[in-house]
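J.: Dock chains B, C and D against the given chain A, drawing on the hints supplied.
4 protein chains.
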Amino acid sequence: MAIRIFVTGGTFDKEYNELTGKLYFKDTHLQEMLKLGRCKIEVDVRTLMMIDSLEMTDADRGIILENCVLCEDERIIITHGTDTMEQTAQMLGRAIKNKTLVLTGAMIPYKFGSSDGLFNLGSALAFAETLPHGVYIAMNGRCFNWDNVRKNRKTGEFEEIG
Amino acid sequence: MAIRIFVTGGTFDKEYNELTGKLYFKDTHLQEMLKLGRCKIEVDVRTLMMIDSLEMTDADRGIILENCVLCEDERIIITHGTDTMEQTAQMLGRAIKNKTLVLTGAMIPYKFGSSDGLFNLGSALAFAETLPHGVYIAMNGRCFNWDNVRKNRKTGEFEEIG
Amino acid sequence: MAIRIFVTGGTFDKEYNELTGKLYFKDTHLQEMLKLGRCKIEVDVRTLMMIDSLEMTDADRGIILENCVLCEDERIIITHGTDTMEQTAQMLGRAIKNKTLVLTGAMIPYKFGSSDGLFNLGSALAFAETLPHGVYIAMNGRCFNWDNVRKNRKTGEFEEIG
Amino acid sequence: MAIRIFVTGGTFDKEYNELTGKLYFKDTHLQEMLKLGRCKIEVDVRTLMMIDSLEMTDADRGIILENCVLCEDERIIITHGTDTMEQTAQMLGRAIKNKTLVLTGAMIPYKFGSSDGLFNLGSALAFAETLPHGVYIAMNGRCFNWDNVRKNRKTGEFEEIG
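Protein chains in written order, with the numbering used here: chain A, 1 to 162; chain B, 1 to 162; chain C, 1 to 162; chain D, 1 to 162.
This is chain A alone, in the form it adopts within the complex:
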């Protein structure tokens, strides 16, 4: 079973710029994380964009959708900033019915020692391997359907809407 991973940026991949003291994007850490997890699943990682999800436009979401539609793999993980993850999940959920799509991310950048990224990536891979066709958000051990999930702005946690 092969799994495709589309990288879009988000907290997952943010780094600290020593010269400016600001957070920024350089390259994705997905390969490094898969190596750390000694991942033995066949995985194909492609970077679609490296952006903060607050800055993600409809055009960006169009690129994600197109890649998911054209992708020959049936099981796909999308790394994504948490701030607008639910919007992208809804857009994909309405459009794609014949694949298993799992969006995941992190509350803390991977390069920080205390990141939840490796845990989330491990569970996202397992959900992508086992769940039926559909679009899901996998965060912090939980898995949500695209049409029943939102990020609680006060707690930072994902939760069911109803």
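Since copy identity is lost for identical chains, a pair holds within one copy or between any two.
Distance condition first, Cα-Cα at most 27 Å in a straight line; then the derived DSSO-like pairs of lysine-lysine:
(1) 151 with 35
(2) 99 with 35
(3) 26 with 154
(4) 151 with 97
(5) 35 with 154
(6) 151 with 99
Note that these hints are calculated values from the structure, not bench results.
T.: Chains B, C and D alone, transformed into the frame defined by chain A:
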């Protein structure tokens, strides 16, 4: 959905003793790892033993079996040393048919910066949430049935037997 | 020999805010770092302020000076943001002649796995123990006199002026 | 000012072997540690041996002595296991009077997240830069003369003899 985690020791929980220079077991790191992963699943962690799986006896396996049988939760994760994980999986697989049991572990102790433990724990939780009744080994992104898995002693990897 | 450590903030102590995605100051990590280094020197840590050194005012520098003057310990370390570390060193160097003052900081926050903070703290303590009275900047293994040091804005490194 | 670093092994450089579950030596982590500390001092690292200091023989100590004598750099750091660090320091202290030699090590391997190695290396470099000719042990923020230091076997700490 509540998940029970039974801790038995293994590489997962080994630590470095500063005074002797040897690896040893103190307490389990499971709670610390769940916190790092910001795990939002309801989880109940119980330590059954803290041993190297090479030293696990039939009596020890009896204790694991009994706890799995008596446990009211239907979904159970067992952390376990990798060296005899397949034996324990076989014993459990023959005896228990009405629960989802996932054995997992690590190639590198969690307290070492480069551990695969957090990744494995994330995927073990996801497999425990989604898979039908049965006994499984979840390691490094993959999930095996109890009756078709072995640890390759040369590569250190888990693989199908046939 | 007792050493006083005055904390003023800087990159050293920056953390990542999960809810806002911004870097911020909470508490100092000095005690945690001294524990990690298993520091056996008698050290007294006091937090004077927790600010980015770009926002440090003359009034703030006055507070640092006053504390260094009134402090009964002869050997003092000041943790400080690197952006204006040379200004504070110059102010202190002109005013204080009867103590050994060592300013230090980090290019990367301690909470990031890849920080130089622990290395710099180790060397700052050693410089504070051994150097004669004077005001110094200790960064990345080097030690500079207060009147012959600047931060190179392009490389991020500290260097002699002349 | 150039500093020579002679690597002899010790806890500093121990790694975890995934296949055997034992600690072992592969390559030194000194270069990686100097990079993490963004060390700007000119440093020349040479590996003399990679052994546990409990297994260090008189012949091994002879090799260390010879290299220190022949070395053109006047300031030398020796990384060393803590168990027999005091013996090597005494041997060097009796023989070498015209150089500054600093022995250092770690209580926890560098590859473990919780190592004191980076802190000790930072202070060893600072001591090597500033101390007069002599042979010293630098551990956990403290610096001892070769003829007045021992490792307390019960606490694991270095302390003065008298």
